[in-house]
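All residue numbers for the sequence shown refer to the working numbering, where the first residue is 3 and numbers rise by one.
No lab work stands behind these hints: they were computed from the structure. From a predicted model like this one, the values you see are computed outputs, not experimental measurements. Glycine residues also receive a C-beta, built at the ideal position from the N, C-alpha and C atoms. Misleading hints may appear alongside valid ones.
Calculated cross-link-like contacts (lysine-lysine; reagent style PhoX-like; alpha-carbon spacing at most 25 Å) [claimed, not checked]:
hint, residue 1, residue 2
1, K118, K75
2, K166, K75
3, K310, K357
4, K166, K308
5, K308, K356
6, K18, K166
7, K254, K356
What follows is a set of in silico ranges between Cβ atoms, one per label pair, in the way DEER data are often shown [stated by the list, open to error]:
hint, residue 1, residue 2, range
8, L177, W275, 24 to 34 Å
9, T300, V197, 36 to 46 Å
10, D108, I158, 22 to 32 Å
11, N302, V186, 21 to 31 Å
12, T34, E307, 47 to 57 Å
13, L321, Q194, 21 to 31 Å
14, G317, H124, 30 to 40 Å
15, S68, V186, 50 to 60 Å
16, D196, I332, 13 to 23 Å
17, K35, E134, 21 to 31 Å
18, N142, S315, 32 to 42 Å
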Amino acid sequence: MAFGFNSHQSIDIPLKDLNAEQFIILAADTATKLGWGIYFINSSGLTANTSEAPFVSRERVILRISDGIAHVKSQPIGVKMPDPNSQTKPEFPARGEQRKGATIHDFAASLEEARKLYTPEHLSAAYEKNREHMAPPELNVQSQDSPGSQGKGLGIAGYFIPRKNYFVTPLIIDLNILVFLLMVFSGINIIQPDVESLVQWGANYKPLTLDGQWWRLLTCCFVHIGIIHILMNMYAFLYIGLLLEPYLGRWKFTIAYLLTGIAASTTSLYWHWNDAAVSAGASGAIFGMYGVFLAMLTTNLIHPEKRKPLLRSIGFFVLFNLGFGTLGTIDNSAHIGGLISGLLIGYILYPVLKKKPS
3 MAFGFNSHQS IDIPLKDLNA EQFIILAADT ATKLGWGIYF INSSGLTANT
53 SEAPFVSRER VILRISDGIA HVKSQPIGVK MPDPNSQTKP EFPARGEQRK
103 GATIHDFAAS LEEARKLYTP EHLSAAYEKN REHMAPPELN VQSQDSPGSQ
153 GKGLGIAGYF IPRKNYFVTP LIIDLNILVF LLMVFSGINI IQPDVESLVQ
203 WGANYKPLTL DGQWWRLLTC CFVHIGIIHI LMNMYAFLYI GLLLEPYLGR
253 WKFTIAYLLT GIAASTTSLY WHWNDAAVSA GASGAIFGMY GVFLAMLTTN
303 LIHPEKRKPL LRSIGFFVLF NLGFGTLGTI DNSAHIGGLI SGLLIGYILY
353 PVLKKKPS
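Build the full structure now, drawing on both the sequences and the hints.
Take a look at the structure:
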């Protein structure tokens with residue numbers, strides 16, 4: 003899952019005194035030192051991503067050698083989300099890494115510096131040593147897809163399928179989607195459901211909740227007020243779930259989600275004590291999970307160099323959405339209740355998480 007708005011760029015780099023085979027070794031060495039991920043290379047060119055770290059804005063770079071010129075072009079492929087197919091915990095980017103990877107202009111400058119370090123003979127020897135690991139020369143560098151685009155992995159569908167280190171998040175997303183689809187198939191308005199329908203499907207409504215229907219404190223977390231509401235909530239939850247579940251584990255993640263959801267609903271109930279507001283949506287529980295992660299980011303569970311940029315970005319998300327919640331009919335009390343309960347749970351879990359291997 004990615005998003006980005008950078009423009010396409012291109013540059014031409016003369017091979018000068020190098021042949022294509024020597025130049026491609028020099029280019030590969032330069033790209034590797036810049037942290038690029040090379041996934042195709044032969045004597046006529048290479049293809050790489052400027053970063054493979056999550057939450058870093060990336061570009062796809064294609065280098066093609068023709069008539070003594072290396073034609074290099076890049077196109078945005080957006081911010082990489084952690085791979086749900088991965089069996090390991092996501093690595094957070096270090097400070098300065100989060101905005102973007104090195105550009106093709108950085109590549110060109112670094113390559114010119116690298117020219118001074120190697121003789122043509124050294125590059126030829128390196129090419130012969132690595133030739134067997136390269137793609138056949140007849141393959142067109144521009145026709146090669148990146149890893150995962152030809153069936154390796156599940157693409158966007160992978161974000162909805164449970165697996166190791168990413169089990170509870172997709173189940174909760176799937177359950178929310180299922181409930182919403184059932185609501186739509188029952189005849190409710192997909193854009194703006196009426197209040198009566200929301201109450202029938204389990205929304206938090208004080209007269210009924212206080213009359214013994216306490217289960218509404220939880221069921222309201224799985225009821226959404228239209229398609230835009232659920233899409234925004236599930237994207238925010240996907241983001242934090244990919245980050246947090248691998249570190250908490252299934253059970254702690256599940257318990258934290260349910261408890262913060264109930265705390266958010268209870269706060270909403272108290273906040274709207276003098277009116278009969280109807281509250282629904284997963285955002286209270288989602289704010290709770292962001293609260294758990296914020297608590298972790300204020301401890302030494304994550305290395306300081308990687309902690310600070312995340313603390314800024316997550317903190318901005320929370321503050322922005324709390325500010326946005328003061329507009330319209332958004333139930334900001336649920337957001338605040340979820341956030342505070344999440345912070346408390348995060349600090350309660352700290353001693354347990356500290357004992358686990360990082």
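Going through the hints against the structure:
no., hint, verdict
1, K118 - K75, "holds, 24 Å"
2, K166 - K75, "violated, 37 Å"
3, K310 - K357, "holds, 22 Å"
4, K166 - K308, "holds, 24 Å"
5, K308 - K356, "holds, 17 Å"
6, K18 - K166, "violated, 50 Å"
7, K254 - K356, "holds, 14 Å"
8, L177 - W275: 24 to 34 Å, "holds, 30 Å"
9, T300 - V197: 36 to 46 Å, "holds, 39 Å"
10, D108 - I158: 22 to 32 Å, "holds, 30 Å"
11, N302 - V186: 21 to 31 Å, "violated, 46 Å"
12, T34 - E307: 47 to 57 Å, "violated, 22 Å"
13, L321 - Q194: 21 to 31 Å, "holds, 28 Å"
14, G317 - H124: 30 to 40 Å, "violated, 49 Å"
15, S68 - V186: 50 to 60 Å, "holds, 54 Å"
16, D196 - I332: 13 to 23 Å, "holds, 18 Å"
17, K35 - E134: 21 to 31 Å, "holds, 23 Å"
18, N142 - S315: 32 to 42 Å, "holds, 39 Å"
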